Amino acid sequence: MASDSTSSVTLSLSTRKTSGLVRQVSTMDTARYSITQIAIQFVFLITAAWVFYPGASMEWATVFVVLGSALVGIVYGLFGAVYARSGGEYVFISRAINPVVGFAASFSLTFWMAWSAGTNAAILSIFTLAPAVSALGLQVHSAGLTSAGTFIGSHTGLFTIGMVVMVLSTVGLIAGMRIYFRSQKWIFVIAGLSLAVTLVVLILGATHVLDFHSHLDSIAGAGSYNRVIATAQHQGASLHPGLGFAPTINFGIWPAESLLFGLLAASFAGEVRNPARNQLFGIVGGMVISGIALVLIELLARIAIGGEFLRASSYLASTDPTKLPLPSAQLPLLISILGGSPVLTVIINLWFVLLELLLPAACIIYSSRCMLAWGIDGSAPISFGEVSERFRTPTVAIVISFVIGAVTLGLFVYTSLFTVLSALIAQSITFILVAIGGIVFPYRYKRLYEASPAKLTVAGRPLMAVAGVGGTAFLAFIIFRAFVDDHAGVNSKSGLITSAVVFIIGIVWFFAVRLIRKRQGVDLDLRMKEIPIE
Amino acid sequence: MRLRRNRDASSPSSGSQNLVVYFASDIHASMLCWKKFLAAPRFYGAHVIIIGGDITGKFLVPIVRQSNGVWKSRYHGSDRVLRSKTEVEELKVMAENSGAYAVELGEEEFRALQDDLQGTDDLFLEEVKKRIEKWVELADARLAHEGVKCFVSGGNDDPFEIDKILDRSEVICVPDRHVVAIDDDIEMLSLGYANQTPWNCPRDISEEELGSKIEELASELRDVGHSVFNIHVPPHDTGLDWAPELDSTMTPVRSASGELNFVPVGSTAVRAAIEHWQPLLGLHGHVHESQGIKQLGRTVVANPGSEYQEGLLHGVLVKIDKRSWKVSAQLVAG
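For the record, the sequence lines run as chains A and B. Be aware that the first sequence starts at 4, since it is given in the working numbering, and climbs by one per residue. Be aware that the second sequence starts at 861, since it is given in the working numbering, and climbs by one per residue.
Note that these hints are calculated values from the structure, not bench results. As the structure is a prediction and not an experimental result, all values here were calculated from the model. C-beta: ideal position from N, C-alpha, C; glycine also. Be a bit skeptical, because a hint or two may be false.
What the hints assert, rightly or not - Quick partial rundown of chain A residues pointing at chain B, CB under 8 angstroms, derived from the structure: (1) Thr-33; (2) Tyr-36; (3) Val-390; (4) Ile-534.
Bound conformation, chain B alone (with noise of 0.2 angstroms):
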């Protein structure tokens, strides 16, 4: 499906023979991310800012109000006791920047939600909509005279739900499962997908679909040759997608010396796309230890690989010459 109503109409590299692009993933719900990610554009100097996928948050930290007056956490593998409501709203902040939400409990509530997984689940995803919500908000406020493009989309860890949220911005566009225009003359299909994963994530799907799904929107793009493939899961075995070996328990598998063994995990059905259609770029998040730049055929593609939980944005600075269409790339880490 073709997504015809852009939050900016005007392309923000009219006139510029140079299309600069900064693309983010996998920032799983950490604000610090989130306001780097909005300061890419006057940083990078960038015309479009992309994420593609995984931006909820995986962790909840509960904070238990204990009936002496203190309140008791497990952060980073630590206990803490804080005896202050100024140490709660510390502790807040830095599970926000870490991607983790932070919910103060009474130990009654806490005690009742051990037992209550549909219960944990809910509180889980309340917390994940009012994180978007504040991201909209930021993203409203901070982009609304940047003249820059902004597009958000869910990966195969989000939920559903945001999708709405996110779609409430003035200034964010949600392109997944969408065709839509970058620029006056490059389109950008985007899915956030991925192959089936051991987690059984809430848009993992077989290579199959994702394959069907990659041809319907390809099909749409009107000069393939200089489009986008925003696709979050990365094609298989091309060194953007090594991830830890893991047995059954999902433990990483380790050698005799204790060091560990990468296997490639991207999908076939991206690379058999990319192969086989040849778009200009292809981005892609899904994997955080394989942050790269490869060249399949003609076509770059790029991991920025993701260290959210230290605040760090990992991106990729793509530049584009509508000239003569070359493509130059980098990897930063802000």
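Bound conformation, chain A alone (with noise of 0.2 angstroms):
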């Protein structure tokens, strides 16, 4: 029997001086790009949300969510590996279905991601500095730290920081991504050691070490645990519902708020590459990883905080928060508590506080991106394509995604126009519309497919084809459920306007500007069309 003689690395690699051949990008960096996008602080908003789904599972909800997102995350993966360099939505959607259905999806996610910045901003003070004050306040018996605390959840306290954050990103970021890739380094490398000084806090809540009720009744007064349970079992919550499959499901939408957005990390594969290995792998393992997180996180907090007391607080807090003796229910408040030491307060909160602080900036990364890709296509006015001389960034375009996040601040504060998962329709549709082109794109490019390292198979069939039709089937479920869920606030009426109206300004904008460009002596139905050889 032969062995397996051959090696492509002397022959195919180390003869040639060419410019451009570099090493593989590793699996583990596009998996920690995947991460990033994933923002697993998130966690907050699931356990918030987990007591108007009597019956759900919060961690199996999130493995549900994993492995529907990884399906999609498979055909990122592969439309990566084809579209090396000139990937993203707006190729793989015009590509595998059409131009202008391709075009409205990707002027659809570019405005939601651009209005993402504004409702982090938000979510930031919300989810993480208010009860982190709030926490410390609570531990030194402070009243100004807890006032602070309060300040910080209302509505001016929100708006200015907001401000801030969204300033101070969009500075940053005009200056150049050197900054932000030097504070996110640090910011990781922080936010890391306090995620595990957090896990092992819960680990020690979870195996009574740590003892939640005894510190919640020292802080808050003999008997708040219990009483915070009483009152709400008294006026309606239901705290103890068993276990059942549909509304697991149901609740599914909620850690697919964070775990979604892993498939924006589709990668530079560079002249050396297997693909169909680190974009794959690294957008999927990312997600995997961000899951077991999430679950580890979820199933702790559980256990350590108390299932009944963790529904209780949340329900509280969110139908009559005078009956609740804490500023807030928020996650990183009560594992704060749990830790019982104002030092952990501050160290458990890092992580929370610091991701989140990244989240704004780097939803105008994306959103600005896509502007520019716009710009130097012909898509849209020269001058989003525009780089500053000085600072080498799109200054153009992130100026314009800041200005969207600004005025996405302003009225998610002061009015109730939208929530925070008021982006998840518009957003899964265009995800949806990635994994359709997913089922068709083997058949409909197959020369493209065929040599292309995305053509792998399973039992039979194309893998690309496979995992669309996974994916497609879940971000329909997804979808209907936004649609039908009136907890999660995705189906107000002026989120779907909003929704509807920039979709449909898309469509506007791509045949105005063909008509406008078309006029200047360029065909932009030219800009995709292959060119037919015998």
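Mind docking these for me? Both chains are given alone in their own frames, and the hints should help you get the complex.
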């Protein structure tokens, strides 16, 4: 039996002096990028919403979403393997389905990512800063700190801090990616340590070394723990609902708000590559790692703090906050109380605060990059594609993203037009179009597909198409649930109208720009039309 | 040096107010991209088609005949066992379309080459030349009666040996290191060189040398303000030359979140020359990731980028109005 004497290394790589031959980017690099986009700190949303889905298991809902998101992630990863350099939803959907739909979907996602910069600037205060400061105030018995926490969570506090964060993020990004990367590096180190400490505290709580019940009573008054549970139960909260399959998967839209964004990590492939492994496993791997972290935190929090109390406190915080002996029921606050020490409170809250602090900038980066691509493409005014000579950044696109985010921040704080999840339907529609594109691509572009590293099969069928079918079904479910789930607030009239209007604007924009360019002697229809050969 | 000999004596846009130029670059031996390039005149209505360099491939794909009657190969990161001549030919076509050179070898031959760097280099050069010869045949067959001007240069990655092969063509003009007329009214200077890269490629030179070569050619142009600079390496820091930052092991530098950092790698000499001479148009390639159309003063500069491995032919379609001298350019991906 001949041994595998085939090694391509010597013959394929080392003999040619050609520029651009770089080492492969590692799967872990792509996974890190995917994890960054996912925002595992959103576990605070998951635990806050849990009580309104009686019978739901947070952990199993997260597993369900990991599996569904991974299917879409496979499609994204394989598309990224085909279109290594000119990737993104705009290209994937335009080529696989239709350029109008592709542009409109990209336009929509771009808007909602800029929108998310604003909401995340507010979430920073609501779910991380306010709970952190309040927890400290309670633990050191400082009325000043407790009031500060309350102020941070007020409209004025949310808007002021949110705008400061938005402005600093925008200025930092305009000044250059190096600043962002440098801050990110240190934030990741600190957040990593903080998360580790948080997990240790949760484990100690789950194993009864630390006692949340007694810590809460010592801060909020004897009997507070039981009073919260009793009050919530009296007011109609379902605290012992058992476990149900339907409620569990219905609850999935909450972990989906976090996990689906790992899809945005389509990565540079380079000349020497094995994208089938790197991008595919990187994106899916990032989702799996994040999913494991989320499940761990959910499980440990449920045991350490108590499922009953977790539900009861969230219920009261939402329906009758005056009955809650705490400023809020956010998870960072509760874990801080579990830690029982101001020093631990500072450490525990660092990862929540720091990772959330990065999100507005991450959203602006995504949104501005899409606008830059349109400007280069001719699908938008040239100024969108302009890069500052001084800073080498797409200044116009960054500023536009900032403006959208800033307006959103104001609307989010001072009106009830939008909720945290308002963008979910529109964003999921873009994702589902990519998933559908994955179903048709191997058949519609057979030659390109078969010559690419995306040509992987499962049970004799293209993996891209199989994953596309599963991913489409999953996202269709998420979109359906978003439409019918009143607790999530995605189906508010203003949110739905905005989603529809933005998509329609994208379509109108496409045709308008096409007409304008045609008059300028540029035929945008040629942009992605494949040249036929014999 | 002025290249007086053009393949087609008559201007393809004679009498027409507009000149349509199609420019692509960095197709790195992709047969599919070459065929698309040859189809570009009809598809885009181009009078002139230009390839700006880097037309030879980077990879050999050995297909090794085993003693048990199968062949083994490694392509796109996965090992393949080919059980018939048909499968071997299919892999060869796939490799050819993606710019690789598939060679069938016996086991002994393969083992010998693994220890013989010079032998491998020689084999590589042989395959490079064979591909170019095939391309010349195709071009002569397909463009013979199209009435289009076709210019093909080598780039910094390309060995000089290919120039002679291209020169044998009936329809291809090799403009590298020359000034040529692409039209009755418009001349083009061409240089396939690049500023020094970490890979020490065949046509890498210093910025000073690059600057003086451009100077020499530019001074030959009759009307530099209405000329084209077809220079493989893009001008420095224009957004057309951003490539991933590399460390000393040629690994892309990544941020803590896994993102790449892009840095400008274009030529300062090219930028200085364009800013000084202000031609009508600058056409560049070299950096596959950095497609775009920009303005340097009054000069429109463009880099179509490249995704040759996927068989996508990125190009720039330029329309020059010879009355107003207005240039409109768009990126296309066929």
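Of all the hints numbered above, which does this structure not satisfy? Sort the numbers upward.
none
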